[in-house]
Amino acid sequence: MTDHNKRIDEATGTGLVGHEWDGIEELDTPLPRWWVYIFAATLVFAAGYVVAYPALPDTDGLTGWSSRGQLDQTLKAETSARAPRLDAIASTPIEALAANPQLMRSAIEGGRAAFKVNCVQCHGAGAAGSKGYPNLNDDDWLWGGDIAAIEYTLQHGIRSPGSGEARFSQMPAFADILSKAQIAQLVSHVQAISGQGKPSAAGAALFTENCVSCHGDAGKGMREQGAPNLTDGIWLYGCDRAALTQTISKARYGVMPHWEGRLPRVTIRMLAAYVHSLGGGEANPVAEPVTAAAEAATEVGADVGA
Amino acid sequence: MSALDLINPTSGLYRKREPIFPRVVKGPFRQLKWAVMILCLAVYYVTPWLRWDRGPFAPDQAVLVDLANRRFYMFAIEIWPQEFYYIAGLLIMAGIGLFLVTSAVGRAWCGFACPQTVWTDLFQHVERWIDGDRNAQLKLNAAPWSAAKLGRRLSKWSIWLTIAVATGGAWIFYFADAPTLAGQFIAGNAPFVAYATVAVLSFTTFTLGGFMREQVCIYMCPWPRIQTAMLDEKSLIVTYRDWRGEPRTQGVKKAAASGEKLGDCIDCNACVSVCPTGVDIRKGPQLGCINCALCIDACDDVMAKLNRPRGLIDYLNLDDEKHERAGGAVRPILKTLLRPRTLVYFAIWASIGLAMLFTLGERARLTIDSAQDRNPMVVTMSDGQVRNGWTLKFRNMESRPRTVELSMAGLPDGKLWTDAMDRRSAARSVRLDLAPDATTMLHLYIAAPAGAAGETPFTLIARPLDATPGTNDGRDAVRAVKFVRKQG
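Just so you know, the sequences run in chain order A and B. If you read the first sequence in the working numbering, its first letter stands for residue 76, the second for the next number, and so on. If you read the second sequence in the working numbering, its first letter stands for residue 3, the second for the next number, and so on.
The shape of chain A in the complex, shown without the other chains:
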């Protein structure tokens, strides 16, 4: 400003800054005054901002805002926004959920999220399972595949210690009952009825003697016992000789934990809806007996609870 040697650009009458690049010089054009007012206003705003928000170390700011607090607020708002829908899911009888497609959709999506947290450890991210852990995408259900049966399994578990109402059955270990040769004949028979070999009279006799009480005359399984269908294409522990020998000799004792008391009722219900939606879910059984049984169960439950 006190540079008296400043040269003036002839065309514009404006002073030159003194910088030159390849013959192009920079004009010292004054800024408009409103610009400096806006600049001052931003400084005032910045000062206010520093005071209002936790900008300085160890200060909370006048507004008390924090990113954690904002997250809390967002979560609370989200939770209360979802509450009516969750209430509706919880208060609708599970067999009736499918009649309300929108509610069913919500339940499935809620179940999808809960599945990723609670179930993928055993059943896998896509619910495809692995050896010993059933694939929930298929149409083979050990204990029943309608939505109410799935919910029951989720609530009470399978052979889950600590749950009085868990689905329970126990296959004997036939190594103590049958000889190795007999077990081998039985393995052949099981392979035969599932289309993997020729049936034999001895194997059939052993099967009738030892297995039909749970697996049924034709080996088609029994859901009350959680006994698998031995004639289909799905094998939880494998269908080669070694796996079948192992199964028959030493038995299997798959455990699924009960979720009642660990997850909210509505979450269990949503999980049931999700698992049912994976492609193998079965239709509700004929309505009347189920309703009666459910009512009876509710009464018993209420009595116990009281």
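Do not take every clue at face value.
Said to hold, decoys possible - A short, non-exhaustive set of chain B residues, derived as facing chain A with CB atoms under 7 Å:
| id | residue |
| --- | --- |
| 1 | R17 |
| 2 | K18 |
| 3 | I370 |
| 4 | S372 |
| 5 | Q374 |
| 6 | P378 |
| 7 | V381 |
| 8 | G386 |
As the list claims (entries may be wrong) - With a cut-off of at most 25 Å between alpha-carbon atoms, the simulated BS3-like pairs for lysine-lysine come out as follows:
| id | chain 1 | residue 1 | chain 2 | residue 2 |
| --- | --- | --- | --- | --- |
| 9 | A | K191 | B | K395 |
| 10 | B | K417 | B | K395 |
| 11 | A | K295 | A | K325 |
| 12 | A | K206 | A | K151 |
| 13 | B | K488 | A | K206 |
| 14 | B | K285 | B | K236 |
As the list claims (entries may be wrong) - Just a sample of chain B residues kept apart from chain A, beta carbon distances all over 10 Å, derived:
| id | residue |
| --- | --- |
| 15 | D234 |
| 16 | A259 |
| 17 | P334 |
| 18 | R341 |
| 19 | L362 |
| 20 | D385 |
Derived from the structure by calculation, the hints contain no laboratory data. Note that the Cβ used here is the ideal one computed from N, Cα and C, for glycine as well.
Given the coordinates of chain A, assemble chain B onto it according to the supplied hints.
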């Protein structure tokens, strides 16, 4: 004077705005400016209120940017988010259109159609209506504050504010059903964002049109600088014919008596006093000149009174300037408009427009998208068959419910069913109802006998069962997919 202005004005850091009081002017360019202003304002204010019947499943507003539902309606055209390239195309056309206009007629956008120009012009008319023409305004500006001055200022500002609120108010109607939103807005139960938008746009209109004016063009807007770079020796610029006007004098009679040779300019300052940005066009082309041509009207008026030919200030390009300076005759303007550069711009501009029109007519209004289940990809069923699953998305972009038949071309031993069905009713095809103007999502299952590893490609086809004859809404939506029998 503030402390900032005490600094030597030629090398100072900051410069105070010199208020500008443009004089009223009459003439063909003023008429054109009126016409453009009325057209622009009418289009802006009226468009959201136009109705367009689209049936019961779509809004009946002719132009609607429905952000909440992600739809853009423009008369017979409806655009979904995935068709946003049409908007991109429009923006490219707008860009090339500006190149075209700039190369042909220079800063015509700045001078006539820019919202800043249109609203500033409107505000200046209000100013003249309240305060009088240039001289009265100058006097009032210099006068000390009094009740009369305050009254005039307050009435001017309240009219400005009314226009500003109406401007901001009109904007929101492009984004919601106008009559409904207008009712809500007045009743006080419109969404907060509507009030916030109106407040922000009212504020900017009021300050930019009322107080910032030419400061926006000179300091804030990048467009004049870009346009300056796009001008060439054939672009029309408002030019003072100094070879005809100079030497100028105010004392014509005295000079004539002394036998001096004079130019046509009588230095009456009419061109300066009508200029909305306060520049003196006689200093040559400059950044502050928005090429609104009002000085041409003003000067032609004076020349007519002096019985001299019009056009001392005129639209002229640099080539013609050289030509005339060397003594050449005035060339017709049309020749400078039609030249390779403008024609190429026009060709590009027009071909983008035609290409968009063509694709718009040919675009599919029913599409099918699929995402194959990957975890697990193959599910063995209890009967030994294998099942694949897909999440299907049908986009029915027409505003009516549609019925399609989904079938398979290929995979002869496969049967399909959806998540709304049972596998027992699986078949080769299924009839689906698609919601109007919506994406219908469903899960598709296909089961086929197990086999060796490998993929079997086939095609999913959605065939509309309700096509209108003579239109292209009967075209199949197809999607190539593959069936996997064993996970590799």
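Comparing the hints with the structure gives:
Hint status for R17(B) relative to chain A: holds, with the closest Cβ pair at about 4 Å, below 7 Å. Evaluation of the K18(B) hint against chain A yields a held restraint, the C-beta minimum of about 5 Å falling below 7 Å. For I370(B), the interface hint is violated, the least distance from its beta-carbon to any beta-carbon of chain A being 20 Å, above 7 Å. Contact between S372(B) and chain A, as hinted, is not supported at the beta carbon level, the nearest pair being about 16 Å apart and thus beyond 7 Å.
The criterion of a C-beta within 7 Å of any C-beta in chain A is not met by Q374(B), whose closest approach is roughly 12 Å, and the hint is violated. With a cut of 7 Å, the hint placing P378(B) at the interface with chain A holds, because the nearest CB-to-CB distance is about 4 Å. Using the Cβ-Cβ criterion of 7 Å, the hint placing V381(B) at the interface with chain A is satisfied: the shortest such distance is roughly 4 Å. Hint on G386(B) holds. Least Cβ distance to chain A is approximately 4 Å, under the 7 Å limit.
Restraint check for K191(A) and K395(B): satisfied, since their Cα atoms lie roughly 24 Å apart, inside the 25 Å limit. Among the hinted pairs, K417(B) with K395(B) is consistent with the structure: their alpha-carbon atoms are about 19 Å apart, no more than 25 Å. A threshold of 25 Å between alpha carbons decides the hint, and for K295(A) with K325(A) the separation of about 21 Å falls inside it, so the pair holds. Note on K206(A) and K151(A): the hinted pairing is violated, with a Cα-Cα distance of about 41 Å set against a maximum of 25 Å.
A threshold of 25 Å between alpha carbons decides the hint, and for K488(B) with K206(A) the separation of about 17 Å falls inside it, so the pair holds. Restraint check for K285(B) and K236(B): satisfied, since their Cα atoms lie roughly 20 Å apart, inside the 25 Å limit. With a cut of 10 Å on Cβ distances, D234(B) stays outside the contact zone with chain A, its closest approach being about 20 Å. At roughly 34 Å from the closest C-beta of chain A, the C-beta of A259(B) stays outside 10 Å, upholding its exclusion from the interface.
The claim that P334(B) lies off the interface holds: its Cβ sits roughly 32 Å from the closest Cβ of chain A, which is beyond the 10 Å cut-off. Non-interface call for R341(B) relative to chain A: holds, since the shortest CB-CB distance, roughly 29 Å, exceeds 10 Å. Annotated as non-interface, L362(B) keeps its C-beta farther than 10 Å from every C-beta of chain A; the closest such distance is 34 Å. In this structure D385(B) is not separated from chain A by more than 10 Å, as the shortest Cβ-Cβ distance comes to only about 7 Å.
Violated hints, in rising order: 3, 4, 5, 12, 20; the structure is consistent with all others.
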